[in-house]
Structure formats: structure tokens, C-alpha cells
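Trainee: Residue-level listing of the chains:
Protein chains: 2
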Amino acid sequence: MTHIDPSLADLTRAGRTLAGPGCSQCPIRHRAICATCEDSELDRLEGMKSYHTWRAGETIVMEGADLAFVGSVVSGCATLTRSMEDGRMQMVGLLMPSDFIGRNDRAVAAYEVVAATDVTFCMFRRAEFRQMMRETPHVMERMLEMSLDELDAARDWMIVLGRKTAREKVATLLANILRRVSTQGSPLHAQLPLTRDAMATYLGLTIETVSRQMTALRKDGLIDLDGRRGISCRDLSALLAEAGDDEDGQSPA
Amino acid sequence: MTHIDPSLADLTRAGRTLAGPGCSQCPIRHRAICATCEDSELDRLEGMKSYHTWRAGETIVMEGADLAFVGSVVSGCATLTRSMEDGRMQMVGLLMPSDFIGRNDRAVAAYEVVAATDVTFCMFRRAEFRQMMRETPHVMERMLEMSLDELDAARDWMIVLGRKTAREKVATLLANILRRVSTQGSPLHAQLPLTRDAMATYLGLTIETVSRQMTALRKDGLIDLDGRRGISCRDLSALLAEAGDDEDGQSPA
DNA sequence: GCCGCGCCTTGATTCAGGTCAAGCGGAATG
DNA sequence: CATTCCGCTTGACCTGAATCAAGGCGCGGC
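Heads up: the protein sequence lines correspond to chains B and P, in order. Take the first sequence: its position 251, counted from the start at 1, is 251 in the numbering used here, and no numbers get skipped. Take the second sequence: its position 69, counted from the start at 1, is 69 in the numbering used here, and no numbers get skipped.
I should point out that these hints are in silico values taken from the structure, not numbers from a laboratory. All values reported here derive from a predicted model rather than from experimental measurement. Wrong hints could be hidden among the right ones.
[Stated by the list, open to error] List time: in silico SDA-like cross-link candidates among lysine to any residue, alpha-carbon distance up to 25 Å: (1) P/219 with P/181; (2) P/49 with B/137; (3) P/49 with B/145; (4) B/49 with B/109; (5) B/219 with B/186; (6) P/49 with P/127; (7) B/219 with B/207; (8) B/49 with B/60; (9) P/49 with P/83; (10) B/219 with B/232; (11) B/49 with P/137; (12) B/49 with P/145.
[Claimed, not checked] To spell it out: a stretch of chain B is covered by chain P in this simulated footprint if at least three of its residues, at any positions, have a beta carbon under 8 Å from a beta carbon of chain P; those stretches are: (13) 89-96; (14) 137-143; (15) 192-199.
The beta carbon of each residue, even a glycine, is placed where N, CA and C say it ideally should be.
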């Protein structure tokens with residue numbers, strides 16, 4: 001169970017390089033929060049956390065349901081989706097390893113959380129975590145930092161939704177996924193963690209438009225497709241140019 | 001210099017009712033952060049803060065520029081805008097009284113901040129504020145809470161940008177503004193803090209479409225317009241229905 | 001190996017919102 | 001009081017993405 005290379009840009013964040021040494025188990029412990037914890041604090045965390053795995057497609061938290069835990073993704077990928085009464089849906093976040101979910105001060109989930117692939121979470125009960133945070137200020141400081149990163153990322157996504165064309169939207173998403181989950185090397189390649197339907201929900205498009213734009217990008221030589229999920233790209237900067245971003249997107253090296 | 005009624009829903013947040021007693025001066029001191037501060041802490045804050053006012057239209061922070069302060073809005077309204085290299089722009093946030101700007105751990109602004117109306121900020125130098133936060137955990141806790149509220153609000157806005165029609169978008173914005181800045185009473189009425197152009201930038205539309213939808217809503221009897229900025233509404237729930245939200249939107253009473 | 005189901009692609013058509021263009025009107029200026 | 005300018009409205013037209021409608025195809029089950 002290895003984690004992503006921390007030097008890769010973050011799909012749902014502003015691309016901050018996470019601090020912390022080699023990580024072997026739980027991102028909450030080893031990277032996301034406790035990079036500077038004392039050993040005794042780590043031991044305490046150890047006793048509080050638990051793991052749970054969901055299969056692709058399973059609902060993890062229903063919209064409006066009681067949210068009894070906070071936690072972060074250990075492996076796999078989950079989607080955060082909000083929906084309107086008439087059924088229109090918008091994905092508002094994509095949770096990849098080390099991403100955090102749940103807030104310490106509110107019990108009700110504002111979004112539906114669904115496993116996109118098989119996904120494992122490292123979880124804490126809400127009240128316990130809150131208490132721990134109060135007693136450990138640098139954990140709270142790290143939480144604040146992470147929240148602000150998520151806020152920046154959410155705001156960046158508003159440009160995608162509000163101003164980009166369908167082609168740019170699809171190129172943006174593919175480039176982000178390639179940067180984040182690809183096996184290193186050139187050409188980059190990856191297995192998409194999302195169905196076409198999920199991509200459409202994320203991008204504010206329909207499934208047909210996503211499919212057409214993927215085909216168009218393939219015909220234009222910007223990407224190669226391998227079955228339903230496989231994708232590769234030999235020139236990421238060309239793809240980013242189609243995305244309408246600067247050469248390097250929003251992320252420093 | 002009175003603040004908005006805290007019972008009014010927050011335009012750019014998830015509608016949490018802020019705690020704290022009557023507020024007469026700076027929201028950082030009296031409401032947003034220090035509702036639970038000791039007197040001695042308040043005195044210390046008092047010595048650190050300063051005020052600054054910008055005229056409508058002035059740029060407060062340029063995109064990518066050095067951000068030397070953190071602060072919150074005392075009165076007036078400012079916009080947070082991100083732009084693409086080809087000039088397309090998307091507003092990613094609207095700062096109203098008590099809203100916060102600037103992060104404690106990063107010096108560079110990701111967005112341009114512009115005064116929409118004459119606007120006054122209460123400011124702290126970044127390094128000082130960070131130090132103060134470290135020494136005062138409940139201030140940090142409040143900052144975390146505020147950041148998570150902003151994150152929820154940003155994610156809510158993604159539905160507006162990604163899935164709503166032009167009519168729904170305009171109705172959503174008008175209803176939010178009316179809820180937040182209207183003088184109490186029925187019919188609600190307010191002076192819009194935004195030009196049509198700024199509304200378009202916020203909603204991911206063009207100025208012409210905003211104008212047409214405003215006219216349509218007026219002709220349909222959902223709102224009344226009074227000059228360029230004046231607006232009133234005798235049935236907010238009807239307007240919210242046009243916005244595609246549930247009757248009460250995202251905010252509890 | 002064959003079948004069947006879901007996911008995906010592709011085509012034809014429609015329509016919401018963008019684009020281009022003209023003109024109004026209120027507020028500041030002289 | 002006339003002028004000008006800028007923010008706004010309105011109209012005509014166009015286009016990009018949605019919608020509606022067929023299939024194709026990879027994958028799991030038998």
C-alpha cells in the first residue's frame with residue numbers, strides 16, 4: 001500500500017508539496033497531520049484510529065446523513081457530490097490518498113460521498129478527534145492549512161466550471177489525473193479512477209460531451225486511450241495548453 | 001458603522017449564525033474570531049490591528065502579488081477574482097462584512113481582490129497574526145471553523161456554476177444578496193453591491209445574459225428594479241423557487 | 001465460447017446562451 | 001442647460017453543448 005509521490009501535483013488541492021518523511025501506513029499519522037508529532041502523540045493517535053474499506057460504487061455517506069467520523073483516504077478514490085432536488089448533480093470534490101473528509105464541528109454531511117474505486121479510509125470518531133485537536137495545537141494548525149488548500153482548490157475549480165469550454169474542461173481533468181496518479185515516466189499513463197459519467201458530473205457536462213471530447217483529443221494526438229479506463233499522454237504540456245492553463249498549470253514543480 | 005444582522009444568512013458561507021454579543025467595531029475582534037477572548041487578549045489584538053479603506057473599483061491586492069496582511073471586511077464589499085491568461089475571468093468569492101481574507105502560511109495571493117463598493121478592512125500583519133494564533137488556540141479553532149465554512153460555500157457555488165441555468169443563477173445571486181444585505185421587512189429591498197459586469201463574472205455568464213434574466217424576472221413579477229442598483233422582492237420564497245433551491249435555500253432560519 | 005448487460009461512442013437535431021451591434025438613460029462635467 | 005460617457009438594455013444571429021436516439025464493445029457469467 002504505497003502512497004503517491006508527494007512531488008506530484010495534487011488533484012484537488014493547490015499543489016502544495018506535503019511535508020513529512022516516508023509514509024508507510026496512514027496518511028493521517030504519517031503525512032497529512034502528524035509530520036511533527038511527538039512519539040507519544042503518535043501512540044495516542046494510533047489507539048484512536050480505525051480503518052474501513054468500501055467497494056467501488058458503494059455509498060460511504062449519504063447527503064444530509066449523520067456524519068460520525070472524520071478521516072482521510074489511505075488508498076483508492078472517492079467522490080464528493082451535491083445534488084439538487086430535481087436530480088441534477090455536481091461533483092464538488094475528488095478524494096485521493098491523503099485527502100481529508102469531515103469537519104470537526106458539524107455532524108451533518110453536506111454532500112454524498114461515494115467510492116469511485118475500492119477505497120480505504122483511516123477514520124477517527126468526531127468528538128475524539130476534536131478533543132485531540134484541542135490538546136495538540138500543531139495538529140489543528142495542520143488542519144487549518146489543509147482546509148485552506150482545499151479552499152484554494154475549490155476556487156480554482158470554479159474557473160473550470162464557469163469559464164472553460166468542454167474541450168478545456170476534459171483536458172484539465174485528464175491532465176490533473178495524469179499528474180497525480182500516473183506511474184512516473186514518459187509517456188505518462190494511468191487508469192482513470194472515474195467513469196465517463198463521474199467525469200461529466202465533475203465537469204458540469206453531459207456524458208456524451210465528455211465522450212466526444214475524449215475522442216477529439218485522441219484524434220488530435222494529445223492522448224491515447226486504452227480500453228475504457230486506460231489513458232496515456234506523451235506530452236503533458238501540450239495537454240495543459242489545451243486545458244487553457246499556463247504551461248505548468250497551477251502547481252510549482 | 002453597524003454590522004449586518006447575524007441572523008441573516010451569509011452570502012459566501014454556509015449560513016452559520018455567528019456567535020458573539022453586539023458588535024460595534026471590528027468583526028475580527030468582536031465577532032468573527034474573538035467571541036470568547038479574554039480581555040487581556042482583546043487588548044493585545046487591539047494593539048496589532050489597523051484599518052484601511054478603499055474606494056469602489058480600486059484594486060486591493062493584485063493576482064500573484066505579495067500578500068503582507070490578513071484581515072476581514074468591516075464594511076462594504078470586495079470581490080475575489082481569478083483570471084486566465086486570455087482574459088477570461090471568474091469571481092471566486094464575494095467578501096462581505098465579517099468575511100476573512102488572506103492565509104497565515106502563504107505570502108502570495110492566488111486571486112485579485114477588488115473593492116466592489118467602498119470597503120474598509122481590519123488588518124493584521126501576517127507574521128504577527130500567525131504568532132498570535134499559535135499562542136491563542138481558540139482563535140485558531142475559530143479560523144479553522146471559518147475556513148471550513150468558506151469551503152462549504154465554495155463547493156455550494158460549484159452547483160450554481162456547473163448545473164444551474166442562467167435564470168436560476170441570477171435568481172440565486174439576487175436571493176443571496178437580498179437575504180444578506182437587505183434592510184429587514186417585507187418587501188425586502190437592497191442596493192446591489194455589484195455591477196452587472198461583476199454579477200456576470202460571478203455567475204459564469206455574460207453581461208447581456210445577466211441583463212436579460214434580470215428583465216425577465218422583473219417582467220414575471222418576481223423582483224422590482226429601481227435604477228441600476230436598487231432591487232426589491234416581495235416574495236423571497238418564490239425567488240428561491242426560481243433559483244432551483246429548496247424553499248429555504250441552504251440556510252437554516 | 002457465447003450471451004447479455006452496462007458503459008461508452010457516434011449521429012442528428014434542438015436550443016440556451018454567447019456574440020455582435022445598436023441605442024438608451026442617468027449622472028457627472030463644463 | 002447641453003454634452004459626454006459609461007453602465008445597461010435590447011435585438012438579431014450564431015454556435016457549442018444538450019438532448020434524443022441508435023448502435024458498438026468490453027467484460028463478467030454461465
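Trainee: Confirm or reject each hint.
Mentor: Hints, verified against the model:
no., hint, result
1, P/219 with P/181, "holds, 23 Å"
2, P/49 with B/137, "holds, 23 Å"
3, P/49 with B/145, "holds, 23 Å"
4, B/49 with B/109, "holds, 20 Å"
5, B/219 with B/186, "holds, 20 Å"
6, P/49 with P/127, "holds, 13 Å"
7, B/219 with B/207, "holds, 18 Å"
8, B/49 with B/60, "holds, 17 Å"
9, P/49 with P/83, "violated, 31 Å"
10, B/219 with B/232, "holds, 13 Å"
11, B/49 with P/137, "holds, 24 Å"
12, B/49 with P/145, "holds, 23 Å"
13, 89-96, "holds (count 4)"
14, 137-143, "holds (count 4)"
15, 192-199, "violated (count 0)"
Consistency with the previously given hints fails for numbers 9 and 15, ordered from lowest to highest.
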